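Asks: Sequence:
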Amino acid sequence: MWFETFSGTVIFTGAILALVAVIQASRAALVNTGDVNITVNGDDENPIKVPAGSTLLSALASKHVYLPSACGGGGTCAMCKCQVLEGGGDILPTETSLISRGEQKEHWRLSCQVKIRQDLKIHVPDEIFKIQKWECTVRSNQNVATFIKELILELPKGENLNFTAGGYIQIYIPPYNLTYSEFEVEKEYHEDWDTFKLWDLKASNDEEIFRAYSMANHP
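Heads up, the sequence shown is in the working numbering, so the first residue is 531 and it goes up one at a time.
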């Protein structure tokens with residue numbers, strides 16, 4: 531009885547290990563884990579080289595090609611569309627509700643949903659190359675209501691931000707680890723913060739994220 535139990539355990543464990551080995555071998559054969567090339571707008575001589583595995587949206591941003599994304603890459607705003615001409619695979623169910631059949635025939639995809647697994651050829655609107663990224667100085671971040679802050683940023687010297695009402699900016703937030711007790715909150719709001727015990731809250735994030743904010747008036 532003991533021998534049969536032991537034999538069954540060994541056989542079962544061996545089968546699991548064999549399946550894991552097959553999966554790993556298949557993954558190594560089918561998925562590129564090194565660098566891949568992204569050819570943008572037909573420029574075959576100057577492809578963008580990025581690591582495989584990330585999304586097209588984040589990979590392009592790492593090379594200073596900033597596709598808009600009001601939802602922060604969540605696949606809900608449909609603003610990060612670009613044409614993936616080769617290497618993007620089939621369109622995902624998360625995209626079909628936001629990309630029409632006509633657009634699908636023209637190879638439009640949501641860049642935040644396209645995983646980079648091989649060399650790609652894409653096309654983005656020319657105006658995308660005019661988008662800039664600045665490192666700004668926080669001049670103030672005061673409360674204007676119990677849960678609302680007015681963030682004022684100072685652009686680098688000599689830079690101007692021209693936009694029309696309804697446009698938006700994306701603010702990149704570096705990794706952080708903080709407690710709400712560190713915040714400077716105007717005294718008139720302290721009672722509400724005490725009531726909701728907000729001072730005890732903590733927040734952290736291990737990777738860079740970004741959030742989009744619309745603008746109504748020129749700063």
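Misleading hints may appear alongside valid ones.
Unchecked claim - Here are the simulated lysine-lysine pairs, DSS-like style, with alpha carbons at most 25 Å apart:
#: 1; residue 1: Lys-593; residue 2: Lys-660
#: 2; residue 1: Lys-635; residue 2: Lys-611
#: 3; residue 1: Lys-611; residue 2: Lys-679
#: 4; residue 1: Lys-645; residue 2: Lys-579
#: 5; residue 1: Lys-635; residue 2: Lys-645
#: 6; residue 1: Lys-593; residue 2: Lys-679
#: 7; residue 1: Lys-660; residue 2: Lys-611
Because the hints were derived from the structure by calculation, they are not lab data. If you're wondering where the values come from, they're calculated on a predicted model, not measured in any experiment.
Asks: What are the numbers of the hints that this structure violates, sorted from low to high?
Replies: 3, 6
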